[in-house]
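Student: Take the two lone chains, each set in its own frame, and fit them into one complex as the hints suggest.
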Amino acid sequence: MLHVRVGDMLMFGATGGRVLEGGTTVELMGVFSPGVVSDDGRVLSPAGPPTSALFRALQSGQARIELIRGDPWQGTPERREIAIIVTA
Amino acid sequence: MCDSDQKLRQALTKIAEVARAAVDGGPYTDEDDSKPHGETTRGSHTHAHAGGKNAHCSIKQLPDRLVEKAARTARSINPVNGVGFGPISAVARGLVLDPAAISVLVSKYWGPQQRQLTVSFLDGGPSDLRRRIIQHMNAWNQTAGISFVETRGVGKVRISRNQAGYWSYLGTDILHIPNNRPTLNLQGFTMNTSESEFHRVVRHEAGHTLGFPHEHMREELVARIDPEKAYDFFLRTQGWSRQMVDQQVLTPLSQDSIMGTPSDEDSIMCYQLPGSITKSGEPIRGGIDINATDYAFAGRIYPKVSAERAPSIQVEMGTADEWSPSEDVEVDEEPVQ
Ligand SMILES: [Zn+2]
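Respectively, the protein sequence lines represent chains A and B. Residue numbers are given in the working numbering: position 61 of the first sequence equals residue 61, and the series is strictly consecutive. Residue numbers are given in the working numbering: position 12 of the second sequence equals residue 100, and the series is strictly consecutive.
Pulled out of the complex, with its shape left as it was, chain B reads as follows (with noise of 0.2 angstroms):
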């Protein structure tokens, strides 16, 4: 494991654990934040099960009964959303990331709990469109544990294909979006677009939906583009001002960015730019389809843990902690805003 993928993981657990100390109630400490991360996985955070022989088994486990409760209380409370979306390329540069780079890079973070987002679709549609927009959404399902289902009612995705352009919210960004809104645009797709586009197009949105932004807006391949040939390209093509392409095109995302691997640009996430505005001459090439680094980041972000796996995983982090269900506590769930 290369040394980013092991500061990936080190974050994704400290996500877990801000999760589940809101869960469990009890208090969450920092105090391994002073400590370089590499020693977090010797798992010494006070509120983690005591005398857990290895880092990974210092998960507490509730009852069976209760984990489903806890996983709805969880995504209820999710405190780990209510922070600017941040530097997870920190991550790629294999800096020590500090508390606040951690918690930054889960603003619009769906968590860590495995989950399923409602889908709907605004225009309406044939089924076999709906059907395979949804199949094409559901691709990152093969590593990541979110995954999409249609609804007839008001879905918390909803597609419009009757606006300009292809765009999403990003992340949980959606949940706040009025309900009789798109949350996500695909212009124009009808069971004739070719199969490459609905590649292309429909899991790129998807990504954004997972909270996913552009990853050519990294720094190392904005710093191939030359700004001034850029800006005269996009006001030949699209009419845009300087302030737009920069918006677009020429800002870094070092504050708000993307997969925590070196910059990728075959990442689906990635568009392709014409090689006239670049330095080189060089296009960057954009990615077509989610790619091998891209399946193994959203697999990382988001966890799947198969029903197959699961018993396996119990095993090696000890039995759940039994107690009579009398004892049990309610907890308010409130409604996912």
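Extracted from the complex, chain A is given alone in its bound form (with noise of 0.2 angstroms):
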């Protein structure tokens, strides 16, 4: 169980995530693949799945999210729930 304020932001290390109950509570903003600055100065960005679920807590009340991690390509993915309880 998570427990968060309204407007903080959440950021797993997961190739998916979605938000599985309590929608208007925490919101799913993405799932993101990272860059690095690399230091000749361009972004670069491994190959491969994204890797960062970013989720947001929109105003109080509970939700429960569903986290993703593994192979997206081969089916049998590791999921994860979190209850989440975001007060104001």
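Treat the hints with care, since some could be wrong.
With a straight-line cut-off of 25 angstroms between C-alpha atoms, the simulated SDA-like cross-links for lysine to any residue are [stated by the list, open to error]: (1) Lys367/B with Ala384/B; (2) Lys244/B with Ser215/B; (3) Lys244/B with Gln204/B; (4) Lys367/B with Arg388/B; (5) Lys317/B with Glu66/A; (6) Lys367/B with Pro315/B; (7) Lys244/B with Gly41/A; (8) Lys317/B with Glu78/A; (9) Lys367/B with Thr76/A; (10) Lys244/B with Ser45/A; (11) Lys317/B with Phe32/A; (12) Lys244/B with Glu285/B; (13) Lys244/B with Asp39/A; (14) Lys317/B with Arg330/B; (15) Lys244/B with Val43/A; (16) Lys317/B with Glu283/B; (17) Lys317/B with Gly23/A; (18) Lys317/B with Gln74/A; (19) Lys244/B with Asp216/B; (20) Lys317/B with Glu27/A; (21) Lys317/B with Leu20/A; (22) Lys317/B with Gly41/A; (23) Lys367/B with Trp73/A; (24) Lys317/B with Thr76/A; (25) Lys317/B with Ser329/B; (26) Lys317/B with Arg18/A; (27) Lys317/B with Asp39/A; (28) Lys244/B with Glu78/A; (29) Lys392/B with Thr339/B; (30) Lys367/B with Val43/A; (31) Lys317/B with Arg79/A; (32) Lys244/B with Asp40/A; (33) Lys244/B with Gln230/B; (34) Lys367/B with Asp71/A; (35) Lys317/B with Leu28/A.
Label-pair ranges, simulated between beta-carbon atoms [said to hold, decoys possible]: (36) Gly61/A with Leu323/B: 19 to 25 angstroms; (37) Val242/B with Gly41/A: 17 to 23 angstroms; (38) Arg373/B with Ala88/A: 24 to 30 angstroms; (39) Asp334/B with Thr24/A: 24 to 30 angstroms; (40) Gly369/B with Ala83/A: 36 to 42 angstroms.
None of these hints come from the bench; they were simulated from the model. Computed from a predicted structure; not experimentally measured. Each residue gets a CB set at the ideal place from its N, CA and C atoms; glycine is no exception.
Tutor: Okay, here's the thing in structure tokens:
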């Protein structure tokens, strides 16, 4: 169970994610690939699926989210549910 | 040898010439480029050995004592790495390559010299696991002149196992990643991971480290996917936005493609995609190990000149040009970035 405040951003290392319950309490902002600013000024991203799932707490209430890790292409990724309580 | 093989070989010849021109310090001229590339093997590049009896012999040899040094210099200069990664797929389609197409082919390419890439493990791990991972990465070394070797220091390849997903930066990009960050991630790999996953995942990620992007992004394979089904599938299974699905699955790599062979859904660099997202209902199989085409391609891109073969090549190419050591030129070596 995670306790967060309204406006908090939650970033998880995951290849995917979604809100199972409480979509007005917490929203999935997206699943992103990391970028590294290289020593020569380019932004480099690895080849592979995205690795960061970003959520935002919108208003007080409860929510349940699911994080997906592992290989998106093989059909048996690891899934984990997390309950979230958002307070003002 | 098929047409695309020959064009690839020509591209490699060109790459080797650019690198050599930099080492020699001589002017690199491109006068052949106005001609169809089918002619380049006749060896009329002006900086090549004058009067070479055949094209493959027109390579100027350094005295033995300087060969190693030149290789180091070439690596530090590596002039072919400054440009965007490009359409090796053009080779596959049998198009005549223009000079840009050849140079862009190699932007993340390690160069034709044989080399060893050091590997370190950011989260440690047991020695048998580290050895097993490196052993699978070195599967490419069966045909390619690049090998991986563990170091106790900071490796050029830095492997983590505690971040999300399986991924690697592409080719020489790994040299630009901060030293404390991984360049390759194998989420959750342990000695209990099945051998087939070592084949499928570790070898795939090592392929990225060699500079090979995803094969499933080839035009011909992307064309088999039904976009609406893909958006729906990945939203459902992964929560991915349409933009992410576009980026991961639906954008064909006509500009920055991969293996210079006809698209190959059995390549180790091809992901498996389910039949539920293709137009025909047939899945894209995806590679489960380095296949014969992958091995052949890696061997052409990274030629492996074994110690046993070297003397015969030397004979074919003519003996090295000798001069006295007092005439050797000092070249300032720059550290590899
Ligand atoms: Zn990949």
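Student: Which of the numbered hints are not met once you compare them with the structure shown?
Tutor: 1, 4, 16, 22, 27, 28, 29, 30, 38
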